[in-house]
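Novice: Working from the sequences, and respecting the hints, build out all of it.
2 protein chains.
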Amino acid sequence: MSKDTVTIGLIQMSVGTDTSANLEKAVKRIREAAKKGAEIVCLPELFRSEYFCKEEETEKFKLAETIPGETTEALSKIAKELGVVVIAGIFEKRARGLYHNSAVIIDADGSIAGKYRKMHIPDDPHFYEKFYFSPGDLGFKACQTRYGKVGILICWDQWYPEAARLTALLGAQIIFYPTAIGWLSGEETSSKDMEYAWETIQRSHGIANGVFIASVNRVGMEGNMRFWGSSFVSGPFGETLAKAGKDEEILIAKCDMDRIDDTRHNWPFLRDRRIDAYKGIASRFLEDE
Amino acid sequence: MSKDTVTIGLIQMSVGTDTSANLEKAVKRIREAAKKGAEIVCLPELFRSEYFCKEEETEKFKLAETIPGETTEALSKIAKELGVVVIAGIFEKRARGLYHNSAVIIDADGSIAGKYRKMHIPDDPHFYEKFYFSPGDLGFKACQTRYGKVGILICWDQWYPEAARLTALLGAQIIFYPTAIGWLSGEETSSKDMEYAWETIQRSHGIANGVFIASVNRVGMEGNMRFWGSSFVSGPFGETLAKAGKDEEILIAKCDMDRIDDTRHNWPFLRDRRIDAYKGIASRFLEDE
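The listed protein sequences correspond, in order, to chains G and R.
Per this note's numbering, the very first residue in the first sequence carries number 1; after that it's consecutive.
Per this note's numbering, the very first residue in the second sequence carries number 1; after that it's consecutive.
Calculated directly from the structure, the hints in this document are not laboratory data.
Note that CB positions come from ideal geometry on N, CA and C, so glycine has one too.
Any given hint could be a false lead.
[As the list claims (entries may be wrong)] Sample of chain R residues at the chain G side, in silico, Cβ under 7 Å:
#1 Leu-169
#2 Gly-171
#3 Ser-204
#4 Phe-237
#5 Phe-269
#6 Ala-277
#7 Ile-281
#8 Leu-286
Specialist: As structure tokens, then:
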């Protein structure tokens, strides 16, 4: 059912204060990506607005919307028109006073094929997400689309091998990471190491699981924060298929799904997992037990 | 009880057909490493002999020995004399016809502080380990030594995030990877990618868990296989602290244990693990369930 070769398009974009303009820009970029051959297009995390979590302000809850809602309607329309799959980060209003940092997968016929709610919620200076988002309660997901079975994880999830492993065990062949990660002004030097670590750990998930990784970040300056872009697609060996710079860009990568079989044949990591010995993974810590 | 700064010495060595000479060389190198300030010294996987798993030959079981046995006696003696911790890979004979690919931690007083039996056993062309070794039944381990709490994982374990995670949750602050990995002659080109993946995934375990990684490989040509060396020590941010070339070398790295707190304060990954949602990790596969 899935295709042998899948072309990914990552929309590395900047975002402004006008949320309607952001949506319009996203739709325009999806059109451009499709023209370049993209079959699965992914937008960054929370692409409808500036990254509001750098402060804790109840006012910002107004940015949230339902799923389905305005954003999914617009994206369903363009997905159907172009026959592409669209993945997009959405600030989800689930109920009065209950919010999630979510992402949807819209299939190439315009239907919502899947929804993921960010499972790991960060909270550190300038990334006060625990104030805004309840941790996801849908678990990890892999979703069959017209062009392949894909998983979504969101930003902070990047740091958790468990998240990638579970998504791959569910059958995802490409894991998408919509992201909003940046440097504070003046921190660029120490942040080189951050960017290195960020890329290394995501590639490693591809290697451990023999899957493709597609990570898409926003760019541009918002207040004193510069989002570093550097979106990339890596293969099941961790190899680079495509990598963006620090400016707006549509990143296109062709992924040969047979590479997954080849890699897993030569490095049969999934075969040798010691599933009898992993119970402790579900513990917070083991040293003190 | 643990020290704030720990100096690691990795013995990247070649190995010949004379098993006594290999042990003598190892002891000599431990002495040299101690002279350079090393407090915890690690030898490669199965350092007593050439890498015999490239064929399946019952004759090779003669290379196995008990723990304690000849190797641990010699290493205990030098560990005690120099006041260093020694980690070493041993082909363990557990009973008649029952063998493990093991490693011991000998404390600085010469006592055996811990033993680990390789949990993930590879089997692919030229690495027929499933013929020789029963999978480990001791689980994952972290072991308090005079200079710090350390974990050992062996070679193929490198590819499993679960192994590193469990070892870190048990309190290990440095994870050692005694290793024997190489290229077949003529495969060097495609194998560049292998070496890249090998290093990337190990560094990623350091990042995910906020611990130091110390990986030590053998070097030299054995039959048609060239072991690629490239031993390294990386920090809790994935950063390189020391990296060896392709020849014999004693690699020394000073590790500041407070870096673990610093890294985990800034990137509190352990805080946010979704231990309520990881049960599936103990499954072989989930797509078909």
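Novice: Which hints from the list above does the structure break, by number from lowest to highest?
Specialist: Going through the list in order, the structure violates no hint and respects every one.
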